[in-house]
Amino acid sequence: MRLDHYLPTLKRAKKADRKPPGRVRRVLERIGPTMASAPLRRTIQALCFVTFLVSFFYICWPYTARPALASESPANEAQLDALLAGEAPWPTHYADDLVRKEVVPADLFLRIDPLVSLSTAIASRSWVYSLVSAGIILLVCVLIPRGFCGYLCPLGTLIDLFDWIIGRRVKRFRVKGDGWWVHIKYYILFGTLIAAACGVLISGFFSAIPVITRGLLFLGEPVQTGFLRGWHLVVPFHAGHVISVLLFLGVLGLGLLRPRFWCKYVCPSGAVFSVANLFRVTERKVEDSCIKCRKCVDICPFDAIKPDFTTRTSDCTLCQTCGGVCPSLSIKFVDRWDVMSLKKKNDPPTHETPLGRRGFVSLATGSALAVTGAATVKTATSLWGADLDNPQSFRPVRPPGSVPEKEFLQMCIRCGECFKACPNNVLHAEGFEQGFEGLWTPMVKADWAGCESSCNACGQVCPTGAIQPLPLEVKKRTRMALAEVNLGTCLPHAGKEACQLCVDDCAAAGYHAIEFLQVHTKADASGNPIEGTGFVAPVVLADKCVGCGLCQTRCYGINVLEKGLLKQSAIVISAGSGKEDLKLPSTTV
Amino acid sequence: MKTTRLLIFLVVAALSHADTIELANGNKVEGKVLENNAEAKTLTVEFTLGGTATQRTVPYASVKAITVNGTRTVLAEAASTTRTPEEVKALIEKIGPTDPEGFKSVRTNYPKTLDLSWPEQPGQGWNNQKNVGQFVWDIINPNASRWREGLKLIHEILDSKPDDSLKLRAQKEIANMHFRFFQDYARAAWWWQQAGIGVDDPPGMHLAECYWRLGSKKMALDFISDAGYLQLDAIKLLGDMGETDRAVEMANEYNEHDAWLLAGDACRLAGRLQEAQTFYEKVINTPPTGQRADRLNRTLGRAKASLDALKLFELADVSKVADGTYKDSSLGYEGQVEVSVKVRGKKIEDVKVTQHKEKQYYSALTDVPAQIISKQGVKGVDATSRATITGEAIINATAKALSQGVQ
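Keeping their order, the protein sequence lines are chains A and B. Counting in full-length UniProt numbering, the first sequence runs from 1 upward without gaps. Counting in full-length UniProt numbering, the second sequence runs from 1 upward without gaps.
Careful: at least some of the hints might be erroneous.
Mimicking EDC-like on lysine to aspartate or glutamate, the simulated pairs with C-alpha atoms at most 20 Å apart in a straight line are [claimed, not checked]: (1) B:K357 / A:D447; (2) B:K327 / A:E497; (3) B:K28 / A:E531; (4) B:K236 / A:E531; (5) B:K32 / A:D81; (6) B:K357 / A:D81; (7) B:K28 / B:E46; (8) B:K28 / A:D447; (9) A:K563 / B:D294; (10) B:K28 / A:D81; (11) B:K342 / B:D294; (12) B:K400 / B:D328; (13) B:K64 / A:D163; (14) B:K112 / B:E46; (15) A:K522 / B:D294; (16) A:K496 / B:E46; (17) A:K567 / A:D524; (18) B:K64 / A:D81; (19) A:K522 / B:E120.
Simulated from the structure, these hints should not be mistaken for laboratory data. Only a predicted model underlies this, so the values are computations on that prediction, with no experimental measurement involved.
Model the full assembly from the supplied sequences, consistent with the hints where possible.
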């Protein structure tokens with residue numbers, strides 16, 4: 001079995017025979033040596049990176065949705081029936097728009113990051129549907145060991161771009177040799193899995209796709225929103241955002257130490273593939289025609305070639321760049337058991353002892369650190385966490401279709417995909433309101449915006465099922481919170497002035513969950529009402545309210561910000577038992 | 001004649017695309033009229049739902065009008081009802097005593113504390129959990145979703161063998177609810193007749209309106225001609241019926257703020273905008289003549305609002321606006337939406353939203369200004385659906401800005 005796809009160097013015996021290279025080769029060479037030697041790999045990388053950017057900036061950009069004009073063009077049978085029956089059709093444009101654009105799943109890369117689904121499943125002790133896609137990609141990677149890192153991972157590609165633009169020009173931070181850091185990724189993986197086993201999900205901090213998704217969310221999304229919709233719509237930053245951005249910049253900054261430093265030594269998602277490499281069926285092999293020129297060692301982006309030019313199999317991504325630069329054409333990519341005329345091992349000597357004393361010591365130290373780290377995280381979350389048993393503790397309103405709060409904290413990978421897909425940024429990243437435990441989880445901030453009745457995007461793009469993918473029909477009946485009117489401040493209730501913003505908005509969204517009550521009516525001597533006195537005031541119907549928060553948005557926007565009549569919205573949504581339908585999925589998807 | 005026109009129209013309709021069907025229920029929907037079945041009085045319409053076509057058969061009765069190639073034909077007109085007084089009487093006798101459709105399944109929902117004996121004098125203090133009238137006023141009236149159960153409640157009281165005074169009150173309230181909530185004129189008229197309402201009783205003008213709405217203007221006019229004294233409501237009714245001259249004449253006879261306001265409304269309805277403006281201004285500029293202050297204030301407030309709307313939207317004409325750039329703002333979804341309008345040579349050259357805080361606006365910010373420019377005014381501009389609040393704010397702000405420059 002041969003898997004070679006690299007572009008071999010032109011080998012011609014006599015100088016006189018040398019012709020200038022063809023046009024294609026010249027173009028590839030102009031782009032760079034890695035492109036010239038393994039163009040297929042670079043092309044796949046570029047395609048995946050573009051796919052990732054498109055799914056993030058286009059598929060998860062809800063503002064391409066347009067409501068049917070004046071409700072004249074129904075989008076489905078239900079809307080037509082409603083029109084014919086004289087009702088206002090339930091709007092579906094956000095949901096329809098996402099379906100239309102989602103040629104590939106918006107959360108494709110999150111799904112195939114194996115650490116995302118694996119750690120979520122362990123932490124929540126439940127089946128996570130994206131385990132399937134992670135399993136598939138792991139199977140593929142048995143054939144192409146660590147191919148995910150070399151070909152698919154958008155963070156890896158971004159790091160390559162960083163190195164091409166900045167890293168290769170800034171040499172002063174470069175480190176030499178192999179230090180204590182070479183096995184960090186295993187310890188981080190080990191630590192996050194132990195933490196997950198203790199019910200604390202921290203893999204989202206380090207996992208490759210969540211890291212890049214959050215990075216683009218907090219850096220790219222504000223720019224996109226600012227330029228395309230207006231800078232007043234950019235969500236204000238808090239400490240949680242800053243930490244995430246620093247983490248993301250740190251990941252890129254590691255590229256100054258060595259190209260792909262993060263991928264090689266730190267990334268725990270990569271470590272999953274390195275471990276999976278034990279089961280590889282293919283590998284890079286070197287024939288005895290090797291002339292020991294070191295070209296392969298120099299170009300290898302993953303530091304996967306030993307000084308004797310054989311392969312560090314746990315690191316090789318089968319990118320085949322080495323094959324393209326080898327002047328003697330000695331490198332081949334074949335099945336693991338192929339032993340045709342192989343080069344002698346340990347020549348020159350590598351001085352490497354795969355699991356010698358030093359390795360054992362570092363393994364022991366690292367494992368101890370990982371266990372200690374996981375235990376620290378576990379303790380930290382119990383001391384400075386969500387404190388769910390305390391009824392006074394902060395309870396954020398979760399997106400519609402979320403699993404119960406305890407499970408939510410164990411299943412939410414904190415990737416931020418739902419924020420991106422949410423129209424008007426109803427979902428904000430939590431800071432430290434629930435201590436360390438709720439950091440970067442999505443919470444509804446109804447002062448900012450209310451949940452659109454025609455949208456179910458958050459559940460559709462959630463890779464772990466922390467937000468269930470509800471059909472719009474179900475989502476529109478699923479309660480996420482309950483609105484309550486403050487009788488002391490609500491303008492008509494308090495007898496100050498007429499106001500029906502919340503009622504109008506609730507009706508316009510289609511819920512009709514707030515009705516009127518005539519208040520402060522003056523009566524004449526015989527007890528009959530005097531026409532024109534008093535106000536109609538809002539009353540929330542608890543059985544109809546889903547807690548979307550549109551009422552609060554309007555009251556806050558107009559009565560607090562615009563008119564300055566109130567300090568806080570007089571109608572506020574809140575979560576809590578009896579106010580929400582947070583259910584665990586009954587069937588596995 | 002009407003039917004022939006409709007038939008020709010439908011033939012044309014069948015050859016073209018994207019017709020607009022205005023339904024009797026107020027909704028509009030786009031589709032293609034495929035077949036007109038005169039026998040069964042139905043239209044077969046093809047609707048396109050997200051790219052796939054589906055056919056529905058719609059009875060004439062549920063269609064108000066259809067528009068093809070910009071030509072609108074009103075179907076309801078063809079079947080519009082003019083009835084003789086005898087026919088109206090027969091209709092009231094036939095429908096009046098019956099229950100509205102599906103009324104049996106309506107469930108009442110009122111507090112147990114409600115005193116169903118509904119004393120005429122509820123006594124001191126306001127308690128909407130005890131007094132039927134106050135319960136209806138506070139909780140039934142403001143909520144369309146509760147109207148049917150409110151009607152049921154009064155029916156229950158009527159069924160509980162009340163004394164004559166309570167029976168009369170219940171009958172009047174039932175009539176009132178049919179009239180006010182459901183515009184169900186046959187039933188309203190029947191119940192008022194049961195209660196023995198004459199033209200000089202308070203709901204007399206409403207009863208007259210029922211006769212007119214049911215198809216006989218003559219019956220209504222005959223009824224009010226017997227009136228023993230001048231009723232304010234008569235001005236409104238005359239105006240609504242198109243008897244504008246008589247309404248104006250009556251208002252002048254009445255010679256009071258409320259009457260002028262109603263006369264203004266009548267003129268506005270008839271398109272006599274200058275006269276309407278004069279009446280509204282008269283309401284605002286005439287010193288009070290001893291009315292109750294709260295009532296006068298309401299009248300003044302209404303007159304000002306109507307005058308503003310009249311000036312901004314109906315009398316507005318860009319040809320009267322001096323060259324220049326005008327700015328004004330109006331409340332949108334999240335705050336003030338500021339618009340700048342540039343007028344040159346009696347034409348609206350540009351409309352721009354210069355400031356806003358809106359979050360959810362779709363294309364309203366660009367669509368609505370473009371519509372205003374192409375229509376050279378705010379008349380007939382559609383606020384983009386689902387961003388209506390933003391769209392309307394732009395329309396209002398533009399109208400206000402233009403009014404600044406009226407010469």
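Which earlier hints can't be squared with this structure?
2, 3, 6, 8, 9, 11, 13, 14, 16 and 17
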